[in-house]
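Novice: Protein chains in written order, with UniProt numbering: chain A, 1 to 501; chain B, 1 to 501.
One or more hints might be untrue.
Because identical chains cannot be distinguished in the list, a pair is counted as satisfied if it fits within a single copy or across any two copies.
Said to hold, decoys possible - Simulated pairs of lysine to any residue, SDA-like, Cα-Cα distance not exceeding 20 Å:
{"no.": "1", "residue 1": "K300", "residue 2": "V81"}
{"no.": "2", "residue 1": "K313", "residue 2": "H278"}
{"no.": "3", "residue 1": "K59", "residue 2": "Q7"}
{"no.": "4", "residue 1": "K164", "residue 2": "R374"}
{"no.": "5", "residue 1": "K300", "residue 2": "A34"}
{"no.": "6", "residue 1": "K300", "residue 2": "G421"}
{"no.": "7", "residue 1": "K59", "residue 2": "S364"}
{"no.": "8", "residue 1": "K164", "residue 2": "F126"}
{"no.": "9", "residue 1": "K59", "residue 2": "R87"}
{"no.": "10", "residue 1": "K164", "residue 2": "E217"}
{"no.": "11", "residue 1": "K313", "residue 2": "P250"}
{"no.": "12", "residue 1": "K164", "residue 2": "A149"}
{"no.": "13", "residue 1": "K164", "residue 2": "P482"}
{"no.": "14", "residue 1": "K313", "residue 2": "A156"}
{"no.": "15", "residue 1": "K300", "residue 2": "P250"}
{"no.": "16", "residue 1": "K164", "residue 2": "D219"}
Keep in mind that the hints were calculated from the coordinates and are not lab data.
2 protein chains.
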Amino acid sequence: MTHALYQLIELSFRGESALPVIATAPFTVRLRHADGDEVTVAGFWDGGRDYRARFLPEKPGSWSWAVENARTPLDVLGGSVDVGEARGRGPVRVAHTFHFAHADGTPFRPVGGTAYNWLHQDEPLFGDTISSFVEARFNKLRFMVFPQAGGSVEHAPELMPFEKTDGRWDVTRPVPAFFQRLDGAVRALGEAGIEADVLILNAYDRGVFGLNELSEEEDAIYARYLVARLAAFPNVWWSLCNEYDQLLRPEERWDRLGQLIADIDPSQHPRSIHNWMHIFDNNRPWVTHASIQNGFATEKPGRARIYRDAYYKPIVLDEIKYEGNAAARWGQLSGEELVDRFWNVTIDGCYASHGESYETESGSLQIVEGGRLRGSSPARIGFLRGILDDLVVPGLDPIDKWDDPELGVGWGRRQYLIYFGRTAPASWRVRIPITHYEGEAPVEDDRFVVDIIDTWNMTITRAGEFEIDEVHRDFAFAGADPVALPEGEAIAVRVTRADLV
Amino acid sequence: MTHALYQLIELSFRGESALPVIATAPFTVRLRHADGDEVTVAGFWDGGRDYRARFLPEKPGSWSWAVENARTPLDVLGGSVDVGEARGRGPVRVAHTFHFAHADGTPFRPVGGTAYNWLHQDEPLFGDTISSFVEARFNKLRFMVFPQAGGSVEHAPELMPFEKTDGRWDVTRPVPAFFQRLDGAVRALGEAGIEADVLILNAYDRGVFGLNELSEEEDAIYARYLVARLAAFPNVWWSLCNEYDQLLRPEERWDRLGQLIADIDPSQHPRSIHNWMHIFDNNRPWVTHASIQNGFATEKPGRARIYRDAYYKPIVLDEIKYEGNAAARWGQLSGEELVDRFWNVTIDGCYASHGESYETESGSLQIVEGGRLRGSSPARIGFLRGILDDLVVPGLDPIDKWDDPELGVGWGRRQYLIYFGRTAPASWRVRIPITHYEGEAPVEDDRFVVDIIDTWNMTITRAGEFEIDEVHRDFAFAGADPVALPEGEAIAVRVTRADLV
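Pulled out of the complex, with its shape left as it was, chain A reads as follows:
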């Protein structure tokens, strides 16, 4: 059998039952490619006498493998797998400092959503969440492994991650059915083209389940088990915690957990930690991208970009307040406001996540349990995703980061995106800045195609093709006649060199 490149390969074993799950894996598997590349993955216990090891191949060809360091006798100790053509694009990693790309080089622009307690919902809610994300074109889902307690949670799960020993959660006795469900959730997202932004810990247990009481050693055992199970799924992202600073743990403890995951994940998935009021030091080496809660930073353009030059990593504004009618001020944005925030973030060279806080039939919120989306923003955010997917540049960087945000984002002489915000002018003269962050300066005779984007009405109208006929000081101009902009409060312009369209 030939496996697909960028798809999980699972090796199954029979061993001893009841081997406790500890920091040391029950066995490891060393895989060796015909050309000498080696990868080592940790095996894991999956219930009864079942053991597995999972591998995410990033190179086609033949991989031989051998069991090493076994703490349990296994029925198979070696073999080989053949990897053929790619299915999917491979795991996402940082590209061009501020952006992401799949392993095959395809840019990935996160346009994600949020359903914290999704994993713990029954059908049809569980499946509806995925289908509503597909419909909205969201490509990342932030959800928690451990169940949420308290605020707006109407559903306590039956499946819990660990057995109890003497009344205390025992991380050495994981519940296979719980983690198999998690496997299935990640797999289902992957099949729907959605990255699984896995929140390993959360701050919302509030003592109800007691899963917030794990010690640092217990966290590490759990994290090793989680990485052994999930790291071979191509669509996994690791987020250490949602609102980490609600948990009273020293920052050093989070730092060690993040470094542990960096050390043991063979696939080097994206790693982040999400704040409440105190942003983590995203300059720590294990942090691959900043996952920041700060709606304020997205309310006006020019704020979120400040983070880029504090961290020199991709900036993902995960929680920028929600569209909805909640009583709390984090959940009262109109659809227009949330869409405007997404565009502000885009024009600052950053990314954002959606969340919705209209009360649902069950009395909960979509950000908590998932399900169908009610708001007016998802369609427009999906429209934005389409624009990002169609970019002919690796990422959008501010053209003139610390001087003129009106020059928009893009790459010099290739493509530019300008957003006029909620007060668009009636017309725009085609002028392209000489300055640039990436790329090069436009020159006379360059031809550019100009598209007018109505971000709310979701239209893209070709204004025409223009030739640069004047380069004067800071700008290259095309023609004297400005392009008319439509009525509407949220208009953008996309300028693409004609040969790249």
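Given chain A's structure and the hints, the job is docking chain B onto it.
Specialist: For chain B alone, coordinates are given in the frame of chain A:
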């Protein structure tokens, strides 16, 4: 003789001449207070057979001292000094995370200016710089140890910091007269109440003097010598470099230099490194405060505060573009614009430095050579300094950092400062937010004094004393009648609990 607390004590010695200056100090002096406190300072060579050791006492009483680790025979090997009452307030250090205070606890609010090449000017320019700073009420001066070459520099100094050996600067042979002049400059600033923000290296040599060619080992020898000479001046701040990233050195090298200074400075003066286009990782442990060049961050309120939660250190915007008529866009701000930027920074809980770029009689700029100030902003910035000095709180922190910047800065129930920017309303209803970052919520019957500040016309008008008569949701209100605000585009309001005025 009794020395003053917080003033430099100098011990003088005679030893061998021509002992090369290397990484190991020629001797150290261990000082021991009667109650057991110990401080060790490095001695240094000061020309011929003269050696010195300097000590900045932070505790009154008797300190005995003894020479240790001498590489040269010295004429005196021990003694004692008596320290009496304080003169001055002692060195500045970080206080309350985002702010500064002198060693005696007095808050220090940097309102500084810039004259990069000041040290290398003759009189009257040299003295005029200090007197113009005193007149403007600037309390910090950013200047470079090594001379500037190139842009707007009309004066090449005769004194250089080192002798040459085989045509190359020899850091083991410092020029005492050069460093004595530096001592005098720092002392003169101190006597004028101005902190000396010493730029240890700079990016403007451009090969003219060749001082940009020192190796990492040579940097370290120079830095050790500089610290031995200057660390006992109470008003010293260390800045590793202006626009460090113009020099093509790996970030790790800067990091090691910063850590070296942190390790060897007995007085632990403020430490920073100033960027051109790439902000240094201000989360590095040796960085005490962020010294950031980014005028854009100060152009609108709500931007600079983003840095606070990236670094959790004081944020000093050192270079926010200059008031002047220079051709380059960094030097074309009007006085009104620069004053507005200072207020934006203040209202974001940060600090800024002034700079002026009107062409001077010599064809240079004030930011380069110093001298008298021509612009309209210094008087207004000095006025702002007066307001900061009069604060009854340790520092100004955004009241509602990620939600409502219009709530201003301050400490809950003590003092608030609100800046209406360049579009002030005609009146303001006295309302005090319940939320707070520091301090506590106001309650009914609290009395507050309201002052109207015209930031441009430099007036403070008492609007009256108001009693809180209604607490409703997010605000405490005093009376139904709003306070009238004067005409003018840059109005602020200061609200102080009556018993603290």
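Novice: Are any of the numbered hints broken by this structure? If so, which, sorted upward?
Specialist: 1, 4, 5, 7, 8, 13, 14, 15
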